[in-house]
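Last residue of the sequence shown: 391 (our numbering), numbering continuous.
Think of the hints as simulated: they come from the structure by calculation, not from any bench.
Ideal placement from N, C-alpha and C gives every residue a C-beta, glycine not left out.
It cannot be assumed that every hint is accurate.
What the hints assert, rightly or not - Quick list of simulated restraints, FRET-style, between CB atoms:
hint, residue 1, residue 2, range
1, P293, A341, 29 to 37 angstroms
2, P115, S279, 39 to 47 angstroms
3, A167, N117, 36 to 44 angstroms
4, Q222, L75, 34 to 42 angstroms
5, S105, S324, 38 to 46 angstroms
6, H259, S79, 37 to 45 angstroms
7, A326, L75, 35 to 43 angstroms
8, R330, S131, 34 to 42 angstroms
9, R228, P385, 41 to 49 angstroms
10, D91, Y124, 19 to 27 angstroms
As the list claims (entries may be wrong) - Each computed DSS-like pair below joins lysine-lysine, with the alpha-carbon atoms no more than 25 angstroms apart:
hint, residue 1, residue 2
11, K133, K377
12, K133, K172
13, K112, K133
14, K377, K274
15, K112, K377
16, K133, K175
17, K112, K132
18, K112, K172
19, K243, K274
20, K132, K172
21, K175, K243
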Amino acid sequence: MRRISTQQIVFLSVFACLAVSGDCVNGRAGAAEPSRYAPPILLPDSCNTPDGLELLPDGSLLLAAPNFTDDSSPGVILKITPANRVEHYYYPATHPESKKVHPMGIRAARSGDLYVADCQIAIPAGGSRLLRIAVRDGKPVKTIVVATGLNVANGVAIRDGHVYLTDSNIGTRGDRTLSAVFRFRLDEQDIVMQRPLSDDPHCIAVFETKSRDIPVGADGIAFDRHGNLFVSNCGDAFLHKLAFDSQGKVASVSQFARHPEMRSADGLYYDPGTDTFYIADVLKNAIFTVSLAGDVRLLCVNGDTDGADGSMDGPSEAIVRGSELIISNFDRVFPGSVNTESGKPHTLSVYPLVTKGP
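Using the sequences and the hints given, assemble the complete structure.
In structure tokens, the structure reads:
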């Protein structure tokens with residue numbers, strides 16, 4: 034296995050941080066087709082790259098914004114109330130080398146503490162971190178470093194006293210990109226990851242990605258109600274399934290679901306109420322659903338818009354809140370993406386879900 038190269042670091046920096054073409058603009062032609070979107074949730078300029086979403090018991094959402102589009106605004110976590118009022122929540126502690134923080138995947142433990150992926154891809158490989166934000170009486174009080182030495186920390190899931198983290202690029206094998214899932218106890222902290230990352234004892238699975246255009250592997254991550262773990266492979270646009278034995282070890286890894294129209298598989302969310310996965314396709318400007326039987330369906334898609342009409346603008350993650358799907362619009366430009374420009378407004382799309390009658 035080769036380590037992540039300087040060339041790959043540059044690509045990943047472009048993939049997440051830099052505009053591919055043109056200056057940022059405030060609008061462009063195009064509309065959602067067909068439009069079922071509700072009015073968008075408008076975000077402040079201090080949240081220019083919205084990404085990870087988490088639903089709290091009171092119906093509020095937490096939104097992690099790495100702010101790659103304009104990192105003069107520090108990475109931040111915002112709170113969206115049930116009435117869609119946007120509030121500041123917390124600035125996680127910055128990295129000692131970069132002096133920045135880029136929160137992406139975010140999940141809350143039963144204790145209320147938050148586990149957050151800090152994607153430090155603008156500094157040499159090994160700068161990314163897994164963070165725990167201690168929460169007391171509903172208020173964030175401090176940042177604790179769970180692990181450092183990761184490459185492209187991305188998605189987070191929690192189950193049975195452990196936190197699971199995807200690293201989207203841990204190196205290469207031949208012409209394939211390698212990515213991984215790591216598992217930590219919820220009480221672990223100050224872990225320095227071993228190199229190569231695939232040899233670290235926290236590593237439970239390594240994946241290969243064939244795509245050369247998008248050398249990004251394990252991305253979104255979620256458990257179903259049976260305890261199976263699902264991981265989206267962003268570059269190759271499909272869903273992995275991991276089953277565990279009675280000792281908690283990975284017993285099998287399989288390719289679970291893909292769709293001929295799916296072009297990327299970014300953020301992943303599982304809705305236990307309907308046994309449905311939601312996959313954000315950031316390249317196609319679309320959301321796909323996947324059943325536990327592996328049936329894939331295109332839920333919503335739209336053309337190149339700025340999101341002002343409520344339509345999607347480079348979606349990176351979606352989450353179910355009541356009868357609505359809340360969609361985070363990452364709004365970056367990638368090779369082959371429908372989205373062609375990054376800029377204002379910064380939005381969350383709201384897509385009403387059709388519920389079946391009695």
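Hints, one by one, checked against the model:
At about 31 angstroms, the beta-carbon gap between P293 and A341 stays in the expected band of 29 to 37 angstroms. A hinted range of 39 to 47 angstroms for the beta carbons of P115 and S279 is consistent with their spacing of about 40 angstroms. Remark: the range hint 36 to 44 angstroms for A167 to N117 is contradicted by a beta-carbon distance near 27 angstroms. Range check, Q222 to L75: about 37 angstroms between beta-carbon atoms, so the 34 to 42 angstroms window is met.
Checking the proposed 38 to 46 angstroms range against S105 and S324 shows it holds: the Cβ atoms sit about 43 angstroms from each other. Between H259 and S79 the beta carbon distance is about 40 angstroms. The supplied range of 37 to 45 angstroms therefore holds. Distance hint check for A326 and L75: the Cβ-Cβ separation is about 38 angstroms, which falls inside the suggested range of 35 to 43 angstroms. Checked against the given bound of 34 to 42 angstroms, the beta carbons of R330 and S131, roughly 40 angstroms apart, stay inside it.
For the pair R228 and P385, the beta carbons lie near 47 angstroms from each other, so the given range of 41 to 49 angstroms is met. The beta-carbon spacing between D91 and Y124, approximately 22 angstroms, falls within the hinted interval of 19 to 27 angstroms. Straight-line distance between C-alpha atoms of K133 and K377 comes to about 22 angstroms, which keeps the hinted pair within the 25 angstroms bound. A distance of roughly 22 angstroms separates the Cα atoms of K133 and K172; the hinted pair therefore holds under the 25 angstroms criterion.
The hinted pair formed by K112 and K133 meets the criterion: a straight-line CA distance of about 20 angstroms does not exceed 25 angstroms. Note on K377 and K274: the hinted pairing is violated, with a Cα-Cα distance of about 37 angstroms set against a maximum of 25 angstroms. Under the criterion of a C-alpha separation no larger than 25 angstroms, the hint pairing K112 with K377 is consistent with the structure, at around 20 angstroms. Using a Cα cut-off of 25 angstroms, the hinted pair K133 and K175 holds, with the two alpha carbons roughly 16 angstroms apart.
Annotation: proposed proximity of K112 to K132 holds, straight-line Cα distance about 23 angstroms (limit 25 angstroms). For the given pair, K112 sits about 11 angstroms from K172 by alpha-carbon distance, which is consistent with the 25 angstroms threshold. Note on K243 and K274: the hinted pairing holds, with a Cα-Cα distance of about 18 angstroms set against a maximum of 25 angstroms. A C-alpha spacing of about 24 angstroms is found between K132 and K172, which places the hinted pair at or below 25 angstroms, so the restraint holds.
For the hint pairing K175 with K243, the CA-to-CA distance comes to about 40 angstroms; that exceeds 25 angstroms, so the pair is violated.
Consistency with the previously given hints fails for numbers 3, 14, 21, ordered from lowest to highest.
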